[in-house]
Amino acid sequence: MSERPPSSTADQRTPLGLAARGFRGHIQAIHVAEDAHGLSAAEIEQRLLELGFVEGAEIEVLHEGPIGRDPIAVRVNDTTIALRRREAMAVLVL
Amino acid sequence: MTNATEIATWHFALVGTPNSGKTSLFNALTGGRQKVANYPGVTVERKAGAFVTPSGHRVNLIDLPGTYSLRGRSPDEEITRDVVLGRVASETSPDLLLCVADATNLRVALRLVIELKKVGRPLLLILNMIDIARRRGIDINLETLSAELGVPVVTSTAVRRGGTEELLRRIDAMAASAAGQAVESTWAPPTIADLRGAQREADRVIKTAVGRPRRPDTITGRVDAVLLNPVAGLLILLALLFVMFQAVFAWAKPLMDAISSGFDALGVLAQGVLPEGLLQSFVQNGVISGVGSVIVFLPQILILFLFILLLEDLGYMARAAFLMDKIMGGAGLHGRAFIPLLSSFACAIPGIMATRVIDNKRDRLTTILVAPLMTCSARIQVYTLIISAFIPDKTVWGFIGLQGLVMFGLYAAGILSALAVSFVANRFFWRDNATPPFMLELPDYKLPRLRSVALGLYMRAMMFLKRAGTTIFSMMVLIWFLASFPRPPEGATGPAIDYSLAAIIGKWLEPVLAPVGFNWQINVALIPGMAAREVAVASLGTVYAIEGGKEAAEQIGQALASKWSLATALALLAWYIFAPQCASTLAVIKRETGGWRFMFITFAYMLGLAYVAAFITYHAAVALGWG
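If you're matching them up, the sequences are chains A and B in order. Mapping to the working numbering: the first sequence position 47 is 47, numbers consecutive. Mapping to the working numbering: the second sequence position 181 is 181, numbers consecutive.
These are computed hints drawn from the structure, not numbers from a lab. A portion of the hints provided could be inaccurate.
The calculated lysine to any residue pairs, modelled on SDA-like cross-linking and capped at a C-alpha distance of 20 Å, are [stated by the list, open to error]:
{"id": "1", "chain 1": "B", "residue 1": "Lys253", "chain 2": "B", "residue 2": "Ala265"}
{"id": "2", "chain 1": "B", "residue 1": "Lys207", "chain 2": "A", "residue 2": "Asn77"}
{"id": "3", "chain 1": "B", "residue 1": "Lys326", "chain 2": "A", "residue 2": "Leu62"}
{"id": "4", "chain 1": "B", "residue 1": "Lys590", "chain 2": "B", "residue 2": "Asn360"}
Have a look at the derived ranges for each label pair, beta carbon to beta carbon [claimed, not checked]:
{"id": "5", "chain 1": "A", "residue 1": "Gly56", "chain 2": "B", "residue 2": "Thr191", "range": "14 to 22 Å"}
{"id": "6", "chain 1": "B", "residue 1": "Ser90", "chain 2": "A", "residue 2": "Ala20", "range": "30 to 38 Å"}
{"id": "7", "chain 1": "A", "residue 1": "Ser40", "chain 2": "B", "residue 2": "Trp187", "range": "29 to 37 Å"}
{"id": "8", "chain 1": "B", "residue 1": "Trp187", "chain 2": "A", "residue 2": "Leu18", "range": "34 to 42 Å"}
{"id": "9", "chain 1": "A", "residue 1": "Gly56", "chain 2": "B", "residue 2": "Gly72", "range": "45 to 53 Å"}
{"id": "10", "chain 1": "A", "residue 1": "Ala20", "chain 2": "B", "residue 2": "Ala50", "range": "46 to 54 Å"}
{"id": "11", "chain 1": "B", "residue 1": "Leu447", "chain 2": "A", "residue 2": "Glu58", "range": "24 to 32 Å"}
{"id": "12", "chain 1": "A", "residue 1": "Ala20", "chain 2": "B", "residue 2": "Asp217", "range": "44 to 52 Å"}
{"id": "13", "chain 1": "A", "residue 1": "Gly56", "chain 2": "B", "residue 2": "Asp217", "range": "30 to 38 Å"}
{"id": "14", "chain 1": "B", "residue 1": "Arg215", "chain 2": "A", "residue 2": "Glu60", "range": "17 to 25 Å"}
{"id": "15", "chain 1": "B", "residue 1": "Ala239", "chain 2": "A", "residue 2": "Glu58", "range": "47 to 55 Å"}
{"id": "16", "chain 1": "A", "residue 1": "Glu60", "chain 2": "B", "residue 2": "Pro254", "range": "14 to 22 Å"}
{"id": "17", "chain 1": "B", "residue 1": "Ser146", "chain 2": "A", "residue 2": "Gly56", "range": "51 to 59 Å"}
Just so you know, even glycine gets a beta-carbon here, dropped at the ideal spot from N, CA and C.
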C-alpha cells in the first residue's frame, strides 16, 4: 500500500513497522504514505521528527505489545518511543 | 536605599519537553507557594509560583505545559507557544525562559532549545537530573555545549536539597550582565525541513559536547523486560489494579473509623450543648452528620491518588498506555486515553481535563464521553455504604474478601461499559474510520520522591475538602431543610419527615422509580445527589436520622440494612455505575467540549443506562428471591 520512494538503496531498506523484536539498525529515510492515517502525511512526519526519528539515528526494537505484537517500543538513540506498527511503516531502516 | 531594578519583580517561564522533570524543578524552586488556576477563556491549567534569588530578587515563575515544539498542536501547547511569544494579554511577557532538559536524554530537548532561540528572549538551558547523568558516566562538556548552542547552560538536581543553588546563582549573574536583553523574534512555525534541520543540528552538538554513557541505565531495560512482557506485563497490570482497589477498601478502614467516631462524638457534644429544637437538629443532623459522612472518605481518595501519583512518578503510566493501546484500540479508544481514564477513577473532572493530552478531537470526545463511567471516588462512598450494609464480610476462595470482590466487580462493570459505549460511539457517531496515531515516549524509571508525592496528595486533599466545605455543605443544608419543613401538624403520629417537602418530592417520583425498586427515601437522596454523588450518602444519613429519632445515633448502614431489601440495594449499586449524578462533571464536559451538545448526550445516555441497569438488576434479584 505504500509507494516506495525512488532511491538506489530502496530495495534494501525495510519499514520499521515490519521489524521484529531485537532488530537493530539506522534510520535511512522517513516516508509517510498518504491517507493511511487519521492525519495528513506531513503531520505524521512532523510528529515522528519531533520524537527524534531522523535520518541517521540508531534504532532498536525493544518490546512488542501483548496483542498482535503491536504497538512496539523502539530505542531511538537514547530515548524509548512507543508507537504503532502502522506509523512505524513510515520509518525506513537498514 | 534600593534602586528601581531591585524592587522590580522578574517574570520567568519554565519550558520543556514532557518527562524533563519540569514539574519537580518547579516544585523545588517554588515549594508550596503555588497557585493553580485557568488561563482566561481556555481550559488550560495555569501553574504559577514565586521564589527569591540569593541577591534578594523576587521572581514570579510560571510552569508552562510540556511540549516538543512551539507548533501548538493542542490547547496546552498553544498556551506554551503564546506565553513564550508574549502573545497572552493577561500574562506579563517572560523576562527569561528557563528551558528544562533531562540531562540523560538531550536530543529532543536540544532541538526545542534551537527553536526557542528564535523567539529572541533571554534563554537559560537547565540540565536537570544531572546526578543521574553523572551516575551513568555521561560526560557533558558544559562550555562546549553552551558555545555550540549559543545559550548559557546550568545544571540542577531538582529532587535534591540544594540541587538548585547553582541555578539560582546563575540567574542572578545573568540578570547582572547584558545577556538579559530581549531581541526581535524571528520565530515562525517550523516546517518539516526546519524540524529535520534542527534535529540534525542538535545531534551534531551532542556529538561534540556529550559523551556516550559509560555505565548505561540497565535497570529500565531489565524492569521493562518483565513489565512489558506480553503475558507477565498484562497480568502485573491487572494485579496492580486489583491491589489498588483492595487497598482503597482495606487500608482506609481504620482511618475512616477514626474520622467517623470523631464526628459522632462531635454530634453528641453538639446535642449536649445546644437546646433541643430546630437549631440542634440543624447542627447535629444537617451540618455535622452531613459533612462528616463525606469527609470520612478522604482516606480512600488519598490512597487512590497515592497509587496514581506513585505510578506516574515512577514512569509506569506510559507503560500501561503501551500495554493497553491495542485493547483500548479495539474499543475505539486511544492508548493515551488510558491515563485520563485512570485519573477518572479518582474523579472524572481531572480525568476529563487530562484528555487534553489527546490531540485528536475525535479521540478526545470519545474519551470524555466515557470518562464519567469510570468508578470515581465519590461512587466509592455510595458503594462502601451499601456493600458494608448488605454484603457479608466473609472470605471467599481462602484469601479474597467478598466485599472487596463486589467492589472489584463494580469497577469492572464501569470499565466494560466504558469500552462498550466507546465501541458503539465509534460505530455510529464518527463517519471517518481513520484511527489517529499513538506515539509516546517511555521515560526511564525513576524512584518517586516523597516530597513531590506528598505535595501532590496535599493539593488533592485540599481540593476535596474545599468541595466538601462548599458544594456538599450547601447541599446538606438544603436536604436538611427539605427533610425538616414543613413541621408536622399538632398531634401527628408518624415521624416528622413524613410531613416534609422531602417526602412529598420523594413520593411524587415514586411512579417513575418504583419499577427499579427505589423507595421514596432513595428518591429524596437522588435529588441533591445530582450535585455530587457522595451527597446521596449524606442525604440518606440525614433523611434516616430525622426520620429515625432514637436511631439517629446509630450507624446509617444498619438503618439501611433493616429498611431495604437486598434487591433494592443491588439496584441502587447498578444505578450508580451509570447515573450522571455529578453537576461538576457535566459542567466540565460542557466547558471542555465547548458547548451543550456533548453535555446533554452524556447526561441522556448515562441516565438511560442507569435506569435500564437498575431495572434489570432489581427484577433479576427479586426473581432470585432477594426481594
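Hint check, failures only
6, 7, 9, 12, 13, 15, 16 and 17
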